[in-house]
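Number of protein chains: 2
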Amino acid sequence: MTRTLLLALLAGVVAPAAVSAQPPADCRPSALNIPGAPYPCVLPDNRVMFRVAAPEAQKVRIRVGKGFDMTKEADGLWHATTTPLPLGFHYYTVQVDGAIVADPATRSFFGGGWWNGAIEIPDPDGAYFAPQDVPHGEVRQRWYHSSITQTWRRAYVYTPPGYDHDAKTKYPVLYLLHGWGENEQGWHVQGQVDLIMDNLIAAGKARPMIIVMDNLNAVKPGESAALYFARGVLTQAVPEPPPTPGAPPAVRRGPLGSTVFTDMMLTDLIPMVEKTYRVAPGRENRAMAGLSMGGFQTFTTALAHLDRFAYIGGFSGSTGGRGDFDLKTAHDGVFADAAAFNKKVKVLFLGIGSEEGPGTKAFSEKLTQAGIHNVFFESAGTAHEWLTWRRSFREFAPLLFR
Amino acid sequence: MTRTLLLALLAGVVAPAAVSAQPPADCRPSALNIPGAPYPCVLPDNRVMFRVAAPEAQKVRIRVGKGFDMTKEADGLWHATTTPLPLGFHYYTVQVDGAIVADPATRSFFGGGWWNGAIEIPDPDGAYFAPQDVPHGEVRQRWYHSSITQTWRRAYVYTPPGYDHDAKTKYPVLYLLHGWGENEQGWHVQGQVDLIMDNLIAAGKARPMIIVMDNLNAVKPGESAALYFARGVLTQAVPEPPPTPGAPPAVRRGPLGSTVFTDMMLTDLIPMVEKTYRVAPGRENRAMAGLSMGGFQTFTTALAHLDRFAYIGGFSGSTGGRGDFDLKTAHDGVFADAAAFNKKVKVLFLGIGSEEGPGTKAFSEKLTQAGIHNVFFESAGTAHEWLTWRRSFREFAPLLFR
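Line by line, the protein sequences are chains S and V.
Residue 13 in numbering that gives the first Met the number 0 sits at position 14 of the first sequence; the count goes up by one each step and never skips.
Residue 193 in numbering that gives the first Met the number 0 sits at position 194 of the second sequence; the count goes up by one each step and never skips.
Just so you know, the hints here were simulated from the structure itself, not pulled from any lab data.
It is possible that part of the hints are untrue.
One copy or two, it doesn't matter: identical chains are merged, so the pair holds either way.
Unchecked claim - Okay, derived cross-link-like pairs now, DMTMM-like style, lysine to aspartate or glutamate, Cα gap no bigger than 20 angstroms in a straight line: (1) K360 with D68; (2) K274 with D132; (3) K343 with E283; (4) K342 with D262; (5) K204 with D124; (6) K169 with E222; (7) K71 with E55; (8) K274 with D165; (9) K327 with D165; (10) K343 with D68; (11) K365 with E55; (12) K274 with D163; (13) K65 with E354; (14) K327 with E283; (15) K327 with E222; (16) K360 with D323.
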């Protein structure tokens, strides 16, 4: 866009560009497209039509779950139509002569370690994550300084409807974590968790609560975050060296969770939240949950500090889903005494997509056989993706702080 | 990223990828890069080194202000080094065999009508827009329903430090608009306006205030937003038809401003803000400003409603910068009586980058000659870009509500 053309547009002397090649009338633009972009669009059977401009390219591909070669049509643009896709939010990439990039036709989201395109296959049951005519809470950007990481960090804080208009009420708090390669914006941007909560609260299905969404990336000064952000490096397509057997990981990690994050959360984040917001005190007003890597982190943090948390949730990420998990010894034996565990942990929630494999269900059954109360939820037809996590959250939130 | 690799990363069995081709030690990664990305990087003389992976491409170019051909080096990647770039935030594009895309190495920002990459050339004077050890306000995402557009809209609202801890104080409000092809996130994401305000307030240079950032795109049901978002269509590279002489514009617009936006703002946005936040009443507690198209919109809205606004700012976008502007008749003659205008308008602020041409300065001088008080600010060495607008805001905010 030249400045001349911009000024011409501002002055109204250039008529808006007509789109000469519209998709079929029954192909509806994805809700995640930039305004005005007709492609990608979703056909009634959930096949998706993509279109990409790459005038001089030799080979263009779309990867959305699996890869689809595009073909150059008479309009000079590259086209592909997929097989039917699952419902929900899917990241996808465009490959132009080997360059892996985001489709400029969609909004970009931080996922997979970079700013990626995405498509939304409409869920007929999706009203629960859409804006409805109900009171709305806020999502607040909150800067704070961490003494552990020695950096300014940014969290997002959901406050429920009415928070500002009753200066006395104190609220329970859920600490909610994103997954690998995502960030503190994942839950409200991709997950639409604020809208889910607004709708649950309006329906009387969940208690009003504060939700704190922070970034899993927490390293001490001088440490590298390369493991967490490996995809970021990979997008630069530097040839990946073979794994070095026995090489130390770049980030100090507990069993699938960062001990630095736990320290940061307990030392800096929770005190900041409790000083800044009207928070009800005590462990029975404090929950922790996360998806994928954020679920692993939740179990690492919360099981080691049950004096601080009474509610635990893992969505497509928990602990013990690998088969070799020893209930007697894992996590310092916290599961060894079922009665004691059940007394402390009010809700232990395990969510998973039906297409993600049997590990989480087997873990839930193993817990149940050992007498440990837990709630298992399986999202039908979804994989390791945001619709699994939106649905898991919808099931989990109503159980909290009862 | 395959699920297998993801799980391997989570399990810590894959060592983080080493970057084999680091940039020169004096080339510092742009602050806007995704974490871990070494390129693009900025050399001491503000030349920028870019690197792009496009293994099978024939031609790769970077466009940042002007175009730079990239060359494929021995590492199999495409490289380019620019001439020295101006300070500040610049959107840029990568062209891979004709496909115009965002560089996957950087964060993406909504600018130019799509989610684009950007680079930040460090400003030695940039502490004013960086997080400092001062009290921080919040930026709040606020959903509301518009009766004019019949849609749910999203605004962002800056509340100053301490807003939550003193339930009595009421604050003046600045309505602050983004430019063409940007959205309601532009001012706090690209502009870092919340950090600028935090720092100004902490230094005692600006009064604590609420800042409301909304989206210029406001159309009535059934109307097209195609003009506002024309670049969005262009990214699909549909050949642009020649302008049709006399064709009606897609969006009803006043002189460089949308009357629908004005209606929406007065009917829906301002009442929502004044109901939701602790807002000091009256026109002398209400300001409006914007950049580029948002500046034009500010003049269209505010000059027609001086009963509502006492402070007006335009940054690289005002009214009257074209030479044929008639002070006696324009905007229903609001400038015709200088004394009356000066009594009503406490501050009329015109900001511009020194590289943007002489129109705004000439307009300021014309106003001054006619006896109309105004403040002119020129940002040295900057063009139609965010550093001009950050600096303009830093000059404008201290003048408000005195």
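Hint-by-hint comparison with the structure:
With identical chains, the CA atoms of K360 and D68 are never at most 20 angstroms apart, being 36 angstroms at best within one copy and 54 angstroms at best between copies. Taking the closest pair of Cα atoms, K274 and D132 come within 20 angstroms of each other only across two copies (17 angstroms); inside a single copy the shortest separation is 32 angstroms, beyond that limit. Proximity of K343 to E283 under the C-alpha cut-off of 20 angstroms is restricted to the intra-copy arrangement: shortest distance 9 angstroms within a copy versus 56 angstroms between copies. Proximity of K342 and D262 under a CA criterion of 20 angstroms is satisfied in neither setting, with 25 angstroms inside one chain copy and 58 angstroms between copies.
Proximity of K204 and D124 under a CA criterion of 20 angstroms is satisfied intra-copy only: 17 angstroms inside one chain copy versus 51 angstroms between copies. For a Cα distance limit of 20 angstroms, the shortest separation of K169 from E222 qualifies neither inside one copy, at 38 angstroms, nor across copies, at 44 angstroms. Taking CA atoms no more than 20 angstroms apart as the test, K71 paired with E55 passes in both settings, with 10 angstroms inside one copy and 17 angstroms between copies. Proximity of K274 and D165 under a CA criterion of 20 angstroms is satisfied in both settings, with 17 angstroms inside one chain copy and 14 angstroms between copies.
In this assembly of identical chains, the alpha carbons of K327 and D165 never lie at most 20 angstroms apart, being 46 angstroms within a copy and 51 angstroms across copies at closest. Proximity of K343 to D68 under the C-alpha cut-off of 20 angstroms is found in neither arrangement, the shortest distances being 53 angstroms within a copy and 63 angstroms between copies. With identical chains, the CA atoms of K365 and E55 are never at most 20 angstroms apart, being 57 angstroms at best within one copy and 50 angstroms at best between copies. Taking the shortest Cα distances, K274 and D163 sit within 20 angstroms of each other both inside one copy (16 angstroms) and across copies (11 angstroms).
Taking the shortest Cα distances, K65 and E354 sit within 20 angstroms of each other inside one copy (15 angstroms), while across copies they are farther apart (48 angstroms). Taking the shortest Cα distances, K327 and E283 never come within 20 angstroms of each other, neither inside one copy (25 angstroms) nor across copies (68 angstroms). For the identical chains of this complex, K327 and E222 are neighbours neither inside a copy (34 angstroms) nor across copies (64 angstroms), given an alpha-carbon limit of 20 angstroms. In this assembly of identical chains, the alpha carbons of K360 and D323 lie at most 20 angstroms apart only when taken from the same copy (14 angstroms versus 73 angstroms across copies).
In this structure, the hints that do not hold are numbers 1, 4, 6, 9, 10, 11, 14 and 15, in rising order.
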